[in-house]
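Protein chains: 2
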Amino acid sequence: MKLPVSEEYINSVLKGLDISDVSQTTIRQCVSVSETIERQIGEKFIHLELGVPGLPACPIGIKAHKEALDKGVSSQYPAIGGIKELKQNASEFIKAFVGIDVAPSCIVPTVGGMQGSYNLFLECSQITPGKDRILFIDPGFAANHTQMNVLGINSESFDIYNYRAENLRPKLEEILSKGNISAIIYSNPNNPAWICLSESELKDIGECANKYDVIVLEDMAYLCMDFRRDLSQPFQPPYQPTVANYTDNYILMLSASKIFSYAGERIAIMAFSPTLFNREYPALKERYGIGKMGDNYILTYLYCASSGVSHSAQYALAQMLKESTEGKYNFVKYLNEYGRRAKMAKDIFLKHGFNLVYDKDLNEKISDGFFFTAGYNNMPNKLLLTYLLRCGIIAITLNTTGSSQNGIRVCISQLNTPEHFNILDERLAMFKQIVG
Amino acid sequence: MKLPVSEEYINSVLKGLDISDVSQTTIRQCVSVSETIERQIGEKFIHLELGVPGLPACPIGIKAHKEALDKGVSSQYPAIGGIKELKQNASEFIKAFVGIDVAPSCIVPTVGGMQGSYNLFLECSQITPGKDRILFIDPGFAANHTQMNVLGINSESFDIYNYRAENLRPKLEEILSKGNISAIIYSNPNNPAWICLSESELKDIGECANKYDVIVLEDMAYLCMDFRRDLSQPFQPPYQPTVANYTDNYILMLSASKIFSYAGERIAIMAFSPTLFNREYPALKERYGIGKMGDNYILTYLYCASSGVSHSAQYALAQMLKESTEGKYNFVKYLNEYGRRAKMAKDIFLKHGFNLVYDKDLNEKISDGFFFTAGYNNMPNKLLLTYLLRCGIIAITLNTTGSSQNGIRVCISQLNTPEHFNILDERLAMFKQIVG
Chain A
0 MKLPVSEEYI NSVLKGLDIS DVSQTTIRQC VSVSETIERQ IGEKFIHLEL
50 GVPGLPACPI GIKAHKEALD KGVSSQYPAI GGIKELKQNA SEFIKAFVGI
100 DVAPSCIVPT VGGMQGSYNL FLECSQITPG KDRILFIDPG FAANHTQMNV
150 LGINSESFDI YNYRAENLRP KLEEILSKGN ISAIIYSNPN NPAWICLSES
200 ELKDIGECAN KYDVIVLEDM AYLCMDFRRD LSQPFQPPYQ PTVANYTDNY
250 ILMLSASKIF SYAGERIAIM AFSPTLFNRE YPALKERYGI GKMGDNYILT
300 YLYCASSGVS HSAQYALAQM LKESTEGKYN FVKYLNEYGR RAKMAKDIFL
350 KHGFNLVYDK DLNEKISDGF FFTAGYNNMP NKLLLTYLLR CGIIAITLNT
400 TGSSQNGIRV CISQLNTPEH FNILDERLAM FKQIVG
Chain B
0 MKLPVSEEYI NSVLKGLDIS DVSQTTIRQC VSVSETIERQ IGEKFIHLEL
50 GVPGLPACPI GIKAHKEALD KGVSSQYPAI GGIKELKQNA SEFIKAFVGI
100 DVAPSCIVPT VGGMQGSYNL FLECSQITPG KDRILFIDPG FAANHTQMNV
150 LGINSESFDI YNYRAENLRP KLEEILSKGN ISAIIYSNPN NPAWICLSES
200 ELKDIGECAN KYDVIVLEDM AYLCMDFRRD LSQPFQPPYQ PTVANYTDNY
250 ILMLSASKIF SYAGERIAIM AFSPTLFNRE YPALKERYGI GKMGDNYILT
300 YLYCASSGVS HSAQYALAQM LKESTEGKYN FVKYLNEYGR RAKMAKDIFL
350 KHGFNLVYDK DLNEKISDGF FFTAGYNNMP NKLLLTYLLR CGIIAITLNT
400 TGSSQNGIRV CISQLNTPEH FNILDERLAM FKQIVG
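Chains as they are written, first to last, in numbering that gives the first Met the number 0: chain A, 0 to 435; chain B, 0 to 435.
Rather than coming from a laboratory, the hints here were simulated on the basis of the structure. Possibly wrong hints are sitting among the right ones.
Since the list can't tell identical chains apart, any single copy or any two copies may satisfy a pair.
In silico lysine-lysine, DSS-like type, Cα no more than 25 Å apart, as pairs [unchecked claim]: (1) K43 <-> K381; (2) K291 <-> K14; (3) K43 <-> K1; (4) K284 <-> K381; (5) K65 <-> K83.
The structure displayed is predicted, hence computed values, not measured ones.
Excised from the complex, chain A in its bound form:
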């Protein structure tokens, strides 16, 4: 068997995996589909589906990680609120690259951004009786929606595609004025669309958060990766844009997974607005005997979830943050490689008749970075993905990210040799041919 494989063959593979609609699969089922086909045709797919680091882990982290192991930290439970060095260095890093002041005491490590968001959702849903819903500004990270389902928390969401610029605020007001939303979540730069919110959009979100007393969970997994501007100079503007400039109701989520390619060690930091960290919530006091949001996050939620984060990995992250802040390690420059790959991949997609789905930030073309979104003549998701699978290309469709647009998310991290780009080019040519 060789590429392109037949539609009947794809359908038989899906049937064998108990998948009725390929565009409705989870990312892991999606991987199973490609693995099955790869085994049977004896040829590798072009993998655009997983958002995994495509660069080696930051060596500064590895060195500090090993030193901590040698010091013997493995036998001691880590402080659940985080080791002192990590809290201090994270505070300085945030000042250097985001330009805001967060006290070390308000910064808490978590077992990846995943544990961070999970427990923030849980706490936010419990702080104010009646305000138990989370608002998703989509498209977004599908796993965050799964977290809602696991925890039995209700959510609302809208696709920002139709609500950029001056349309954003009325939409937020419409939803928040119902009074049942405790928190808003979005990622910026955005996974999967790689759009970046403008200062005016962030201002609208921040002002609405103040007006309706809602907490903003700002996912900065891709911090400083809007490569259109040089965000790489510590303590010098321009800084990573943030809602924190417009509200004290913020919590920033910074994962080491992409910034330092440290995904394997599962570590992130949650940076609470000091106002929010120290705010007393009577419902928490009644339920847990602790009233403050930050103390509860640490002593109740994170204690129960895993009793803290790998002690040695905390030293690794502390050191990577420190050397970045001191200008000894330019993590932004290093990650620029993703921008280069995105540009090349986009050009190939466009050459074969694809278009970018989320294409602009207001009047500016979106940045080249970790992800982009691509559609083909508004072809429906199921059909589009089936054609791509027939040609040996795998990706996730936009409907799984909370988007209402047709298209796929392209993650460029695994395109890490020139050969990959040649194969992508050949296979998209093949796609164009069989689509006809």
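Knowing the structure of chain A, use the given hints to seat chain B on it.
Chain B in isolation, oriented as in the chain A frame:
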């Protein structure tokens, strides 16, 4: 100020920390009390409260951990179900020391036993509509009760003190026959009482689990630490006793924290009965699109909770398990040190008029190990702890562990110099004197 401090002084410290009843504090508040007093009197307490390793981390783990970091695993997300080596080696380790067969595919790493139990409680409460409660055979680990509160899951519990031997089964039947219990949890050896369930007790639990279709969560945090028998020889009886010999409805929880003194790295393994791992639950299928208990645990619950466990720590644990199984590293012999310390500490307590609260397994004296329980003429908990604090000794009271007895839990791990035992002796003499 010097020891013994006055009752008025203790009360003023408690008031300053907003604690109304010292016997109702969490372990962390308890630590704050001692820290405050230590600062003010300029003298260290005897710390019997925290269940932390009192030995260095296993060097085999540290070596393998560093090698994994050097291999570059930090940039790659770990398989959520665990790396192949860990699953394989854990399967062999369980065969060697517990004497049962669990396939590698049914073994899953978690971010400490804490993440393991949290997500097992959550899954068990969701598998069968109407069976949404967890039964605690107490005394037990207080944090497990907090997990219930955080997740909003209902529980039942009873103090095993009055239900040993032939009294256990009728008590279990009474509760399980109501039909609303999905899982039973207990630790064996027991935290805090260090009692060990007999084969006949385990058989009763197992048979009840079969009869009422209930899952048994067996916490083996202190695996093979019943030092009355030599459990240290791989593949040779006697083995660690387990309910798995009497039911297929079991999940074993083995943490690396105490067994390998690896608490800082937050890693444990959950070993599912193969029958249970592969069992289909319609309620799970409907909610998550995945029906099997084990697949859901990995792809739904653990994926959402933290997307897996530190990649490098998985290699560390894999190697420690391997060398233990091969008889190259005798972890049981190494941990015998805890037995030695417990014997010495018990003798001092008994000398000063204390008694062991949970003192026997049927007709046999309890083992010397990580914990024991001590009371003084049935003195009520609040009074007992206040007197101990006045004499510079800190511990947690039994009521916080779900026990209905009067007494304290003594953890001997931090008694790690001869000097500590001398001071304990002096201070308990002081206790006896002021109690009068």
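Cross-check of the supplied hints:
Taking the closest pair of Cα atoms, K43 and K381 come within 25 Å of each other only inside a single copy of the chain (22 Å); across copies the shortest separation is 67 Å, beyond that limit. For the homomeric pair K291 and K14, the shortest alpha-carbon distance between copies (18 Å) is at most 25 Å, but the shortest distance inside one copy (51 Å) is not. Taking the shortest alpha-carbon separations for K43 and K1, only the intra-copy value of 11 Å comes in at or below 25 Å, while the best inter-copy value is 74 Å. In this assembly of identical chains, the alpha carbons of K284 and K381 lie at most 25 Å apart only when taken from different copies (23 Å versus 49 Å within one copy).
Within a single copy, K65 and K83 get their C-alpha atoms as close as 18 Å, and across copies as close as 23 Å, so both meet the 25 Å cut-off.
In summary, this structure violates none of the numbered hints.
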